[in-house]
Amino acid sequence: MSTPVQVQDLQEAEVVFRVKRYSKEKGDYWQEYKLKVDRFTQVTEALRRIKVKQDPSLAYRASCHMAVCGSCGMKINGEPRLACKTLVLDVVKKFGTNVITLEPMDRFPIVKDLVVDMTEFYDRMERVKPRLYPSKEVLEYKAEHRLKPEDQRLLWKFAQCIWCGLCVSACPAVKEDPLFLGPAAHAKGFRFLRDPRDTITEERVKVLADSAWRCTYCYMCYHVCPRDIEPVTAIKKTRALLKSVKPMGPAQEVGHKHSEAVYESIYTYGKINEGVVYVKTYGLIRSLVDMTYAFRAGKAKYALEKVEPVKEVEQVRELMRGE
Amino acid sequence: MLIFETRENSRGPALDKATYDAVVVGAGLAGLMSAYYIAKEGFKVAVISKVFPTRSHSAAAEGGIAAYIEGNSDPNDSPDYMAYDTIKGGDYLVDQDAAELLAYKSGEIVDLLERWGALFNRQPDGRIAVRYFGGQTYPRTRFVGDKTGMALLHTVYERASGTDNVDFYYEWFTWDLVVDSDRRVRGVVAFDMRNMTPTFFEARAVVMASGGMGMLYKHSTNSYINTGDGYAMALRAGAALKDPEFVQFHPTALYPSDILISEAARGEGAVLRNNKGERFMARYAPKKLDLAPRDIVSRSIMIEIKEGRGFPGGYVGLDLTHLGEEYIKERLALAYEAALNFAGVDAMKEMIPVRPAQHYFMGGIDVDIKGRNPDLIGLFAAGEAACVSVHGANRLGSNSLLETLVFGRETGIAVAEYLKTASWPSSDVAKDVERSVDQAYSVVKSESGRHFGEILEELRSTMWDYVGIFRNDGGLRNALSKIDQLRGEINKMYVTDKSKVYNTEFFNALELKNMLDLALVIAHAALNRTESRGAHYREDYPQRNDQEWMKHTLTYLRGKTVEISYKPVKVTRWKPEERVY
Numbered sequence: 005m006s007t008p009v010q011v012q013d014l015q016e017a018e019v020v021f022r023v024k025r026y027s028k029e030k031g032d033y034w035q036e037y038k039l040k041v042d043r044f045t046q047v048t049e050a051l052r053r054i055k056v057k058q059d060p061s062l063a064y065r066a067s068c069h070m071a072v073c074g075s076c077g078m079k080i081n082g083e084p085r086l087a088c089k090t091l092v093l094d095v096v097k098k099f100g101t102n103v104i105t106l107e108p109m110d111r112f113p114i115v116k117d118l119v120v121d122m123t124e125f126y127d128r129m130e131r132v133k134p135r136l137y138p139s140k141e142v143l144e145y146k147a148e149h150r151l152k153p154e155d156q157r158l159l160w161k162f163a164q165c166i167w168c169g170l171c172v173s174a175c176p177a178v179k180e181d182p183l184f185l186g187p188a189a190h191a192k193g194f195r196f197l198r199d200p201r202d203t204i205t206e207e208r209v210k211v212l213a214d215s216a217w218r219c220t221y222c223y224m225c226y227h228v229c230p231r232d233i234e235p236v237t238a239i240k241k242t243r244a245l246l247k248s249v250k251p252m253g254p255a256q257e258v259g260h261k262h263s264e265a266v267y268e269s270i271y272t273y274g275k276i277n278e279g280v281v282y283v284k285t286y287g288l289i290r291s292l293v294d295m296t297y298a299f300r301a302g303k304a305k306y307a308l309e310k311v312e313p314v315k316e317v318e319q320v321r322e323l324m325r326g327e
Numbered sequence: 185m186l187i188f189e190t191r192e193n194s195r196g197p198a199l200d201k202a203t204y205d206a207v208v209v210g211a212g213l214a215g216l217m218s219a220y221y222i223a224k225e226g227f228k229v230a231v232i233s234k235v236f237p238t239r240s241h242s243a244a245a246e247g248g249i250a251a252y253i254e255g256n257s258d259p260n261d262s263p264d265y266m267a268y269d270t271i272k273g274g275d276y277l278v279d280q281d282a283a284e285l286l287a288y289k290s291g292e293i294v295d296l297l298e299r300w301g302a303l304f305n306r307q308p309d310g311r312i313a314v315r316y317f318g319g320q321t322y323p324r325t326r327f328v329g330d331k332t333g334m335a336l337l338h339t340v341y342e343r344a345s346g347t348d349n350v351d352f353y354y355e356w357f358t359w360d361l362v363v364d365s366d367r368r369v370r371g372v373v374a375f376d377m378r379n380m381t382p383t384f385f386e387a388r389a390v391v392m393a394s395g396g397m398g399m400l401y402k403h404s405t406n407s408y409i410n411t412g413d414g415y416a417m418a419l420r421a422g423a424a425l426k427d428p429e430f431v432q433f434h435p436t437a438l439y440p441s442d443i444l445i446s447e448a449a450r451g452e453g454a455v456l457r458n459n460k461g462e463r464f465m466a467r468y469a470p471k472k473l474d475l476a477p478r479d480i481v482s483r484s485i486m487i488e489i490k491e492g493r494g495f496p497g498g499y500v501g502l503d504l505t506h507l508g509e510e511y512i513k514e515r516l517a518l519a520y521e522a523a524l525n526f527a528g529v530d531a532m533k534e535m536i537p538v539r540p541a542q543h544y545f546m547g548g549i550d551v552d553i554k555g556r557n558p559d560l561i562g563l564f565a566a567g568e569a570a571c572v573s574v575h576g577a578n579r580l581g582s583n584s585l586l587e588t589l590v591f592g593r594e595t596g597i598a599v600a601e602y603l604k605t606a607s608w609p610s611s612d613v614a615k616d617v618e619r620s621v622d623q624a625y626s627v628v629k630s631e632s633g634r635h636f637g638e639i640l641e642e643l644r645s646t647m648w649d650y651v652g653i654f655r656n657d658g659g660l661r662n663a664l665s666k667i668d669q670l671r672g673e674i675n676k677m678y679v680t681d682k683s684k685v686y687n688t689e690f691f692n693a694l695e696l697k698n699m700l701d702l703a704l705v706i707a708h709a710a711l712n713r714t715e716s717r718g719a720h721y722r723e724d725y726p727q728r729n730d731q732e733w734m735k736h737t738l739t740y741l742r743g744k745t746v747e748i749s750y751k752p753v754k755v756t757r758w759k760p761e762e763r764v765y
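If you're matching them up, the sequences are chains W and Y in order.
So the first sequence is residues 5 to 327, counted in our numbering.
So the second sequence is residues 185 to 765, counted in our numbering.
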């Protein structure tokens, strides 16, 4: 079915789009469309031509075609991408085939063809109270906001989220943990948490602090974000900013113990002592229970390994003390 | 909060009804701003949009928002200079009271957005930064990186969505205005796109904030959603469109995706070249060269292409290669990235392919500076959907974001005022609602005929070829007969998709009906105005003619014909003079 493609200086090609379609009436099925494209053709333009010239029933979302509205998130050859920010021939070159599959984003319920239900995504965004709560004085024009240029730059990085949902579709933690807000909501949450003009910090801390520790740092959001806003960086910064706020939620408490255990281990040994860090993070009882799994998997030896401090441990300690 | 009543009608199936004080159609900056100010006075508002609010076309605005800010502007500048720049830029078809209001409220509206959390770029002392834009005597443009529209849209959405009295209906398609026999607006008919169910949104006031109409043209920088629905709804309901012959074409849209390459590129030294490598603007504007006004540059590019000096496919080159890597990265990052991401062109090594494309509609639903339409009681409009006559015959850059916010707010305040005294009429409009729903459904009832796509492509080519950058009597008459023919054909339009779930084909077909109604009116008005002014260029009447034509066109759609009347331009302080830059 697929033809090998000579990739050098590809100017034009006939491409086959394999689209995963779905409708309530017909269920799931694959449909193919053949289309001639040139090196400028965006996937959104290809979809538009298919809809206008071949199959008007194909359903997808697209609006601005310049990566600022966030409508056209989908899976292109398995990768979560904005269709507008993807040139058809780039995909052909990258995968070495002129067959391109288009599928709806993962994790969201499918409404029809490439259109998914974003309701839950919008609910997540709403949970972080995505708006500035300025002081009464400012709203009554008794005071004026000033914002340092460096603060503006930092906040703007995270405020550029276009709510496309790609990061959430790619996030394994969101899939497993209903208490995790997800990458986009954390980027938005941090943008207001860190805004010096905001007044509801206490409320924001309650929403963000525990959830921030539910991210697994897998960096999928970092890789798929079409605006390069790095949601995982927002999560790291949230953890750092709120590292000692109390009372701690369950994930935050474990996370806090873990980071202290790691610090201590490095101070003591100059490196991570896996067994000790595990016990200090999860406590003795949980560790013993988990050890039984490690035994069964034949991995107990790693946890029980005797760890000696590294030769240069004194230098490490000096660095950690800031000397 | 919302009361849904389900009622049996004569055809049997249920028709839902929702009751609000006001309905706002469109959730871009103008719509959200209006909704916020109506709700602030305690009235219940439904905001209905084809897309989720942050997907609106306001997000696409790049460069910035013009504002004279007291104490944070050039010491020689004043709101009067700003009004004058706007009036001159609009080739004296601007209502000068509107331009003054725009200029005098510009500072406070930027200040308000800042208070709501907008992350404007800053000066070292923490105050809002400023830069130059085309047509400004002094620098007035405030900006958030190179995504000002997106930043402001999110800020205003965040604000409006945190308000108790506003309900959002996103991915709902508004199809018709409902007007009673007293010419009073009674609400709108809208379809839930997820299941194609119609609802009558009953309201005492309707704000059309449905944005522009770029999809009428084969080449446009606009979003796919800009199909001019609000203009067509207003026309069908009996309201006038003002100055619809004025359509702005931006000279440098990226080929072939028509993504805007900002004027800033040429401001920073980029040069337009034809297929011979010539800097052709030297022939058309020997002094201003590549920085001549938008309409002149657009016309020059089209002549080059027409006479065979363009590149295959129909474009010219925007040359940055002489500027050097460091300069491009520092000063022209957005243009560079757009070319790379959307055209696969490395602008450091090769020219960016560009051609003119439709960009903005100066015409719109006839309203005064409070957003009130004089034809229908209870009809308001704001933003690109409206024609307050603040842009006249040609809009200046960074004035569109400003207009959406200033006049969105003015309109919201005026609606709230209106609602304080307006009563609920008692006459029954159920029949009108049913007729409207039936008309919409008629497109899915045909068993054979033409697909929307075929008709759409013919319309977009017709508008581009004959109602575009160059116009003349013969071409406009061609366009009118073609549009007439296509309007006949849509009665036999065939929708293949019979599904009720997210049937985009059905909604595309309804959009096409709207586009054809609007196209007819634009072409008529363009044929009628026998002069050249701003963006309206007639090859057979190349001069501006103030004696006969310094007046607004008012157009009404009466079935197959367009009725035209006129309205004087409001002149307060500035007499027309020759437009030389």
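Mixed in with the good hints, there may be bad ones.
Cut-off 16 Å, straight-line C-alpha distance, at most; resulting in silico cross-link-like pairs (EDC-like, lysine to aspartate or glutamate) [stated by the list, open to error]: (1) Lys133/W - Asp348/Y; (2) Lys57/W - Glu641/Y; (3) Lys554/Y - Glu601/Y; (4) Lys682/Y - Glu268/W; (5) Lys57/W - Glu642/Y; (6) Lys305/W - Glu318/W; (7) Lys460/Y - Asp348/Y; (8) Lys40/W - Asp121/W; (9) Lys684/Y - Glu318/W.
Simulated from the structure, these hints should not be mistaken for laboratory data.
Just so it is clear, the structure is predicted and the values come from calculations on it, not from any experiment.
Now for the hints, and whether the structure bears them out:
Between Lys133/W and Asp348/Y, the direct Cα distance comes to roughly 14 Å. Compliance with the 16 Å bound is thereby established for this hinted pair. Simply put, Lys57/W and Glu641/Y have alpha-carbon atoms about 9 Å apart, close enough for the 16 Å limit, and the pair holds. Only pairs whose Cα atoms come within 16 Å are accepted, and Lys554/Y paired with Glu601/Y is accepted, the gap being roughly 11 Å. Of the supplied pair hints, the one linking Lys682/Y and Glu268/W is violated, its CA atoms being roughly 66 Å apart against a limit of 16 Å.
At most 16 Å may separate the alpha-carbon atoms for a hinted pair to count; Lys57/W and Glu642/Y meet this at roughly 12 Å. For the hint linking Lys305/W to Glu318/W, the alpha-carbon distance of about 28 Å lies beyond 16 Å, and the restraint is violated. Restraint check for Lys460/Y and Asp348/Y: not satisfied, since their Cα atoms lie roughly 61 Å apart, outside the 16 Å limit. This hinted pair does not check out: Lys40/W and Asp121/W have alpha carbons roughly 31 Å apart, beyond 16 Å.
For the hint linking Lys684/Y to Glu318/W, the alpha-carbon distance of about 72 Å lies beyond 16 Å, and the restraint is violated.
The earlier numbered hints that this structure contradicts are 4, 6, 7, 8, 9.
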